[in-house]
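Letter 118 of the sequence shown, counting from 1, is numbered 118 in UniProt numbering, and no numbers are missing.
Worth flagging that the hints you see were computed from the coordinates, not collected in a lab. Since the model is a prediction, treat every value here as computed from it, not as a measurement. No incorrect hints appear here.
Quick list of simulated restraints, FRET-style, between CB atoms:
#1 T120 to I18: 47 to 53 Å
#2 A11 to D170: 46 to 52 Å
#3 A11 to S122: 51 to 57 Å
#4 W20 to S141: 27 to 33 Å
#5 S141 to W8: 43 to 49 Å
Beta carbons are placed, not taken as given, at the ideal position from N, Cα and C, and that holds for glycine.
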Amino acid sequence: MGTMTAAWVAATAAAAAISWAGVNLVLREAVFGPPDTVFLPAPANTRPGTPALIPATTLSPAATAGRPTASPGRTATSSPSSSPSPSATPTVPSSVPPAATGPGRSYTVQGGQVSVSLGTDSATLLSTSPAPGWAVKVWRSDTWFRVDFTKDGRTSSVFVTWNGHPPLVDTYEQ
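All chains, please: the whole structure from these sequences, using the hints.
Here it is as structure tokens:
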């Protein structure tokens, strides 16, 4: 009788774990929505790391309207499989100048590219394009948004804020 009970407990635990893995993926998509990812070809006339102008029509505002927002403290994260090397120290945040005047601007970090439309008192995320092997996560608020690209314990972030001032774009590499 004891071995049958142990087998039942093991089978029930395995079924619950498998079910939770599937439910977790569905819930994450329902709460945060799919990432705003549009793959953009690199413009031929720019150097690596140079922001490039992209068309503002890449992603319509209606495609992002009504999507739930989340604070970074509520997101589910997994621990990295390996810790960053000792030489990987966080860099000082930098304000990134826009590539050119116009509605659509692109900012490139190690983890990928973020395209935004900067207005006089607000900003709109147009698209994100992670570099190969990098994952992307987007957080939004009424006065800011944040895009994180992650890979192997490293994070590249683009922050856009406009709380009572014109939009400001900052990047962080960690």
